[in-house]
Amino acid sequence: MYIHETQIVDTFAEAFAMWGTRIVITAETADWAMAAAQSMTGFATSVIGCKCEAGIEALLPTDQTPDARPGVSVLLFSMNEEGVGKRLVERIGQCVMTCPSTACYNGLPAEKQVVVGGQLRYFGDKFQGSKLLAGRRMWRVPVMDGEFLVDDRFGIQPAVGGGNILILGRDQGATLRAAEASVRAMRGIPGAILPFPGGVVRSGSKPKSRYKFLFASTNEAYCPTLRAVAGETQVIAGVGCVLEIVIDGLDLGAVETAMRLGMHAAAQAGALQISAGNYGGGLGQYKIGLHPLLEGAAV
Amino acid sequence: MSLDLTLHTAPLVPLEADVLTPGRLSGLSAREAAKLIVVHGNQAAELGEFFRISGVANGEIHLTGDLSHVKLIGAGMAEGRIVVHGPAGMHVGAGMTGGEIVVEGNTGDWVGPEMSGGRIVVKGNAGHLVGSASRGSPAGLQGGEILVFGNAGNEVGGGMRRGLIAIGGDTSDFTGVNMLAGTVVVFGHLGARPGAGMKRGSIVSMHPTEMLPTFSYACTYRPVFLRVYLSYLQGLGFPVTEAQLNGSYQRWCGDAIELNRGEILYLDSSPTEVHR
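From first to last, the protein sequence lines are chains A and B. Using this note's numbering, count along the first sequence one by one with no gaps and you end on 299. Using this note's numbering, count along the second sequence one by one with no gaps and you end on 575.
These are calculated hints, taken from the structure and not from any lab test. One or more hints might be untrue.
[Said to hold, decoys possible] A few chain B positions that, by computed beta-carbon distances, are all more than 10 angstroms from chain A: (1) Ala329; (2) Ile336; (3) Ala344; (4) Asp365; (5) Gly385; (6) Ser436; (7) His506.
[Claimed, not checked] Now the in silico label distances, taken between C-beta atoms and shown as ranges: (8) Asp31(A) - Thr513(B): 38 to 46 angstroms; (9) Ala216(A) - Glu378(B): 52 to 60 angstroms; (10) Glu403(B) - Arg137(A): 29 to 37 angstroms; (11) Thr98(A) - Glu403(B): 46 to 54 angstroms; (12) Cys518(B) - Tyr211(A): 54 to 62 angstroms; (13) Arg137(A) - Val355(B): 34 to 42 angstroms.
Heads up, the beta-carbon is just placed ideally off N, CA and C, and yes, glycines get one too.
I would like the entire structure built from these sequences, with the hints used as guidance.
What follows is the structure, given as structure tokens:
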């Protein structure tokens with residue numbers, strides 16, 4: 001299958017079941033809300049090393065936030081419910097509560113919830129207070145610029161992590177251009193984020209290593225420099241660079257939409273080939289076939 | 300189709316009609332509903348002696364006429380909706396746990412005493428003791444919302460423990476007296492001695508007020524939680540201004556004769572520098 005001159009490999013992305021949540025951060029200005037969101041989503045590229053994956057989903061205008069201030073919505077994913085709760089407490093406590101003028105709200109109405117504000121409130125050292133409005137409990141934690149307002153509970157739901165496409169290009173410049181175009185097309189899709197720097201990852205990994213102490217290592221099959229020595233190279237002749245875009249979503253549909261748009265954008269920007277990372281189908285719960293996705297049908 | 304009750308004979312003395320709830324009227328025909336017992340003064344009477352009843356109870360009741368002598372409308376209701384097309388008497392929604400009552404006119408005293416859930420909307424004025432505790436009772440409003448678009452009398456939110464009371468106009472004396480917790484938002488002026496004896500909770504006013512000497516000024520700031528409340532109330536039809544939403548509020552802590560953990564916030568009239 002081809003899009004323009006770009007070959008689409010008949011393969012699939014192997015994605016995993018995760019748990020996800022949405023956080024709404026507001027502040028006096030959009031810049032301060034973004035500062036908190038960037039801090040919260042920093043060092044959250046991969047559960048392998050960061051315990052969670054997170055990214056900025058959207059900028060929110062004042063008419064879409066609970067306190068009528070500018071906001072940013074953030075998605076955060078972890079491998080289980082407990083993990084989401086712990087990461088939220090850590091990251092909201094260290095990255096949002098510390099940021100001037102911010103407030104933090106649950107952005108995901110869901111049956112399952114984890115207690116966040118109910119734990120962060122102890123920072124108030126018994127000076128904190130709560131408010132209950134229309135069934136929503138919020139904590140007012142006194143801080144040096146006034147109060148930090150945070151929802152008591154945040155909704156969580158089953159989610160999909162590790163959707164991906166691999167962009168194979170002639171050289172680094174051309175592949176970066178294709179990847180950047182792909183990222184632009186994927187950003188803004190409700191319920192999906194790209195957790196890696198700039199949305200792009202160059203150090204794709206395989207879930208094993210020749211070192212006994214390491215459980216993930218470089219994916220030599222997609223390293224152009226190893227094309228001549230790697231046993232099962234996937235790098236075709238003429239390819240000098242491979243970049244990956246990983247997508248996490250609150251549901252499979254968001255991941256599929258992002259992958260579809262991302263492939264079209266990368267192809268239009270001159271990618272030689274588009275593939276996807278998988279582990280033979282033996283690890284992930286979801287197999288997202290590239291051809292069925294482009295034909296409009298999911299696997 | 301709703302159940303419609305139109306007053307055809309005005310009661311000469313107060314009529315206690317706690318049968319007027321969606322739950323009590325559910326499944327009854329108009330004829331059966333007319334047989335329900337109410338108390339007229341000290342005499343038992345039938346509902347049909349005062350109301351012309353039509354329609355079918357499907358969770359919504361419409362009451363029409365001057366019901367200012369009809370007490371306990373919606374008392375104890377847990378679900379459904381009542382619309383009063385006119386004024387209503389005392390004790391509207393007393394002890395209610397859910398559902399909604401809308402009064403398109405004024406109400407008497409004791410709107411929603413000791414209610415724990417649901418919503419009461421009064422489009423006119425309310426009397427004294429809105430959401431208050433009954434005399435001798437430890438707590439008033441324990442949940443839910445009372446929204447009065449006009450003025451209210453004395454002791455609004457007296458002894459309230461939880462929930463939201465919003466008054467579109469002014470309140471009289473002792474607003475939030477003996478409050479345990481919860482929130483009272485008054486868009487107009489507070490009467491004398493607001494927050495007397497309050498332990499926790501928030502009383503908000505959009506105008507300066509004279510504080511009791513047992514309240515201490517803390518600071519002037521922009522409470523974010525209030526923006527959430529005002530946005531919510533704006534969505535329910537209260538005319539929240541930009542100045543109220545974005546303004547700074549003086550925070551006074553009290554009452555020092557109690558826990559000193561309550562607060563009165565009022566909109567500061569000095570210009571606010573909003574950083575944008």
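### Query
Is it true that the C-beta distance of Cys518(B) to Tyr211(A) lies inside 54 to 62 angstroms, as the hint says?
holds (58 angstroms)
### Message
Please check whether the beta-carbon of Gly385(B) is more than 10 angstroms away from every beta-carbon in chain A.
### Response
holds (28 angstroms)
### Query
Would you say the C-beta atoms of Ala216(A) and Glu378(B) sit inside 52 to 60 angstroms of each other?
55 angstroms Cβ-Cβ, so the 52 to 60 angstroms window holds.
### Closest CB of chain A to the CB of Ala344(B) still more than 10 angstroms away
For Ala344(B), whose nearest Cβ neighbour in chain A is about 39 angstroms away, the distance exceeds 10 angstroms, so it holds.
### Query
Is it correct that the beta-carbon of His506(B) has no partner in chain A closer than or equal to 10 angstroms?
holds (22 angstroms)
#### Entry: Ser436(B) remote from chain A - nearest C-beta pair above 10 angstroms
Ser436(B) is indeed farther than 10 angstroms from all Cβ atoms of chain A, at 21 angstroms.
### Distance restraint hint 34 to 42 angstroms, applied to the beta-carbon atoms of Arg137(A) and Val355(B)
holds (39 angstroms)
### Assessment of proposed distance window 38 to 46 angstroms (beta carbons of Asp31(A), Thr513(B))
holds (42 angstroms)
### Task
Taking the shortest Cβ-to-Cβ distance between Ile336(B) and chain A, state whether it exceeds 10 angstroms.
holds (36 angstroms)
### Message
If we take the beta carbon of Ala329(B), is the closest beta carbon in chain A still more than 10 angstroms away?
### Response
At roughly 35 angstroms from the nearest Cβ of chain A, Ala329(B) sits farther out than 10 angstroms, so the non-interface label holds.
#### Entry: Claimed clearance of chain A by Asp365(B), with the beta carbon kept past 10 angstroms
holds (33 angstroms)
### Query
Is 46 to 54 angstroms right for how far apart the beta carbons of Thr98(A) and Glu403(B) are?
holds (49 angstroms)
Checked against the numbered hints given earlier, this structure breaks none of them.
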